Amino acid sequence: MSNATTNASAGAPARLEHTELPRKESNGPLRKQLFAWILLAPTVIGMGVFTVIPIIGSVVLAFFRWDIISAPEFVGFENFVSVVTNPTVRVSFLNTIVFVVIAVTLQLGIALVLAAMVAERLPNWLRVFFRSTFFFPLILSAASVSIFMGYLFNEQFGAVNWLLGLIGIAPVPWLTTPTGAAAVVIIVYVWQNFGFSFLLFVGGLGSIPKEIYEAAEIDGASGVKKFFNVTMPLLSPTTLVASVMAVISALQVFDQPYVLTRGGPGDSTRTAVMVIFESGFQQLEFGRASAIGLLLMILIMAVTYVQFRLSRRFVFYQ
Amino acid sequence: MTDHIGGATARTLTRRGALALGGLGLAGLAVGSWPRLTAQDIPGRGDDSMTIAILGTRADAEARQALVDAFRAEYPGIKVRIQPVQGTDWKDFFAKILTMVAAGDPPDVVYVATEGAQLFADKLAEPLDDYIRRDAAELQDYFDDVHPSLLEAFMYQGSLYQLPLDWNAANMYLNMSTLEEAGLSLPAADWTHDDFASVMRQMKSAQGSGFTPYYWTNRLFGGVVPWLYTNDTSFLTEEKAPGGDWFWDRFYPGDPARATRGGGYVWDGANATDERVFETFDFLRELVAEGLGVRPEGGGGESLVGLFANGRIGAAPAGGYWVQGLHEAGMAEDGFNVQFFPRNRTQRHQFGAAGYAIMSTARNKDAAWEWVKFCSRRESMELAFPTPNTTPTRRSMVNAAFYSETGPKNWQVFYDTLDKFPTSGPIPAPPAQAAVETALMKHVPNAVSGSSRQTRATLANLQSDLERVLRSEQ
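Residue numbers (numbering that gives the first Met the number 0), protein chains in the order written: chain A, 0 to 317; chain B, 0 to 473.
Bound conformation, chain B alone (with noise of 0.2 Å):
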């Protein structure tokens, strides 16, 4: 061993090296994984592809995958990215895009349901009206297809801000084998309140402890909201703003509903002390009293497809979005059916729909409008629908080739309720749908439980919170 190397002993020498390699080591592993530290090794990033997010899995894009190879094969010079983001729900779904809009990386293109529709609209996303005038010849298809109610739900302060593509209905979806072990068929499709309740108690004699006659889940798509739109009324108050007849004018002249159309939905005042509102939860209290009904859970009901399937639950709120999983879950096509919501003072339904919305932040706003009007196109919606786990909003898609292998029989229902009552409207969601959200969920829960007093009780705190929240997005 050298003990003097150039006037330098060997422990320093040893200390400067192992300095000196660790230093090396250092940049090494930076000059290594800078792509990985600054995220350039995920596929599109750093390029010009316009990214896409969805509420989903990466198998979720992965589906997408034939409608994107589509896109690409007539759009060459338009790069695309699905980028999936995961979350329980859609309100999750937003927290997270906003969350990316705050890091300065917002995607250029977001996939929004109705909940964050006028969330999108009222921050984030481009109008898109201007694409509409110019693109109308080659749009008419589409708005011939697709009824107004869908669109009317993506129109804010009279633009509008979305193509909806698939939507669903909060329909009743009844297991077959239990009403039929109960004496009982189809109901007809003007049942009411009472027929409703007298069928879940006729199941429930029939099947004894262990069933449930009606599920249901505590939030806003399918849970009180539907019962209350049957009594003509809900927890927001509901306006139009005025507007849109630029868009109704040219695309829906002939509608029989035109006088009612407006600029978009406005749910700016709370309406939870209101008499019909304490009928509706009067209602579903004495339904869960008597064990016809269940106390609603937070969450989207993921077991309940399963528990449906087994023949544990009689009846339950959902949409076209149930088809699918009912089939796989080993029903038989006529192991279940559905039917419209049952009639109060009205049968006005409620529904979900959601569509791409370009981000106002969005590189190249041209070429997202592009993706855009692509997957409104028949043949993409085929693509992107191949089977039905949802509604697609083109009405000549929902036919009985769609459901041939699924069922239900009574599949005509789906498009039925838009076309048989026009005044259905969206889920209620304002720009602080979260908020909003977050309240009504706190105060379910008791609302259905106790005396009517307790429920009475509880609509007052429930409309405290909601002028609280509503106030602050003044």
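Same shape as in the complex, but just chain A (with noise of 0.2 Å):
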């Protein structure tokens, strides 16, 4: 209670409230602004200076030709031309789209079924066993996660053709061939992702009420027809969730293809990251550098609004 009230109601002087509260009144809500900015400057400064300013720079520093030591020349939509008439640009776009397309949805199918799985048949335990098991790659770094599973499919003495030659399988040139390298990077990307998504998918499965499932068990459903008819639906904004935030960190894939394959064989696993790390920090092209993330910037907003949008179609709200 604050110490106004107390006074007034203990019959204190009128002038008590005639000084404070009118005052507090005014000065309240200003006051509460600027606590409430002064909380937040850290955060917006860090947006600022770390997201917002570099976007900007880089929208500019598209249309300039700089390569870091000498001063940026102007040159208009030189970069976006030279990037769009690029072929291994082109191809880089076309590989991300089909990275996405696949890894995407074997990361989420497989998160879905392992979360169901999880959430219905096992003791506790089990689950809680799972659980970290599933998230714990997705807390190793990349980098590393790829130079190991590079050792792993090693055509002449990783593991993997090791293991397949028990089974009388003739040694598989992972990553030396274009369908080899792109399955090994697609693997490692959905190996160490999926648990992200499979917690979300836990979460969600644990938020439908069970008097629904017992609803459809009445009504005679089967385990398949309860996965469709209840699961999905009710899942499905926790899928629009798992799917943009897939699909967009999918979109950035460069850790990867970068040390599994450095984008070979040919092209065939270089992504658009990788090209605009190739443009700017090993050809000194970054203006040109600066439009591909244009780009690929355009890319990821036209693709989450889609998935927006055909979410109203899609999504079912509780």
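Take every hint as true, because none was put in to throw you off.
Derived DMTMM-like pairs: lysine to aspartate or glutamate, alpha-carbon spacing no greater than 25 Å straight-line:
id : chain 1 : residue 1 : chain 2 : residue 2
1  : B       : Lys-122   : A       : Asp-66
2  : B       : Lys-122   : A       : Glu-77
3  : B       : Lys-95    : A       : Glu-72
Just so you know, the hints here were simulated from the structure itself, not pulled from any lab data.
Remember, predicted model here, so these are calculated numbers, not experimental data.
Taking the hints as your guide, dock the two standalone chains into a single complex.
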């Protein structure tokens, strides 16, 4: 209880009420706003310095030729023309889109199936075990994982081919053929990232009321029917969040192809972010790198927009 | 509890107090962590220390401490800070140095390998010509001991930018156990490409599955380039810039190859569709198809030493830098040996070297030059290279004593590569090296797979990529 109220109810002098209450009314919101801004300031400053200003800088830089060392030179739309006509850039965007479609489908599919199995059929201690186990790869460095996986998938000396050899399968040229290299990049990426989607699905499954399942059972629904007619619709908000995050993350894939294949053989595993890195930090064409970055940003925004538009039809909110 | 203090209520006081405390806390935090926020707590940062960037880890920097201490004893007025910069390869290292330049915090001196020599000479480094002329007498001993081909690799447009301290040629390492199990001995120094294929074939038949006769990686050093050089060609055109006479006439007047020396290499044209380039790739394609060689992966071949030491690999291209690693992996002195690269039209070898470059932005170039000069002395190089994990550029240091504990028996091959094949050349690395290497690495796997037709088509694609890269550089 405020002092002003206490004093007023005790019949305290009116002077106090007259002098303090109006001032509090007029300054209160201002103070609250000030307080809020003080609390928000670190985040706002951080976002401004590390996100907004670099984005603006990148947009501006896309119209310049700059090699870090010499002064930037204005070139208009030259960088964009160069990017659009460059076959490597085109292939890298195509690779990225194909990668997103396959990797995200696998990531969400595996995560959903495992989450459903863990949520329904396992004792509690095993659930905890699997939650931790499936999430564990996500906290590892993608570069370290990729180096390790590179050894595993080595054609001559890797453990994967050794295991396949035990069942009579000839060595597979995993990292030196376009199909094999793309498969390894997808496998490694999905293995490392499905744990996050898995946790989202576990959370989503836990929020579905059991009564609905019970009602479905009374109506004679089988396990498969329950999954498709109860679980999937009620899990759709979680699926939307998981898919949006997975797509945005997959569109920015870099570590796995860079470490495992360096984009090869040929351009078969070169992705959009790899081309940004190569243009900027290896070829010293920061204007061109910014132009590619802008195109990627537009692609991410477009895909996310489409996902949210589609969600109006397919997402069911309780 | 006091409700009123100086006319203010306890509630407003508490909020103000909290704000004030928070403010004080933030101010205290800022003051306390100011050295960290501004990186002043990094040893040598903020004072007048000369910063020397090297590719490596903190351990690599610490390994140079004896050298730094020796320098400081002689030059107490020059503070030195070794700054290790980690990178997966030289290309990665150079990218990080450029980022430091862009951030306004460039090092004063950088240890630069052949891969970046022209990039630095073109954009970042200071020519050493005036210093070399001034201290010519003092440097005579160094030049007398170092092969001119190694110096020529650091000439750019008639000026010298680095004094190379270590180098490595792409020689051929052979696993003696697997060789002997195939009933073979070390091949002759003048073995040919056909001899090479025959040796690999015999090793493969003696070892069976799980064994790789020839292992190579997809990169500029030790990849396809040594094979191209021995076929008297390259994927880039190669010329010499005019100039450099001031240097050759002063320090190497008796060089048998004096007439061929110039002002540095010029690689400004694509040459991937040259018929000899096709021949070379086709030879490698056949090796791969026959199972004598692997399809090359990118990277530095980090796992190679262990696999070679375990007898899983029969032969691999490498330089003197492999010796210490093989020794530490448990290979006996007679467990491996080294031979020249097999000849084709020529036996020209590929080599890479490295030395300190003074940045044009260095705060005290004279001090930086004293460091460069100091490091070129024999006693300094002995401190820098105590074990054979590279080949010192001073011929006098490449001796039996240096390899006495490690092998190989044929250690003379390392320096003989330059003496016997004086046309041996550096890694083809124009200023746009990163883009050139990316283009080459991109096409090599496809060029050595499939049919001859695929090889030719891939080389045509390599040619267009190289032309685009080199055009944008001009």
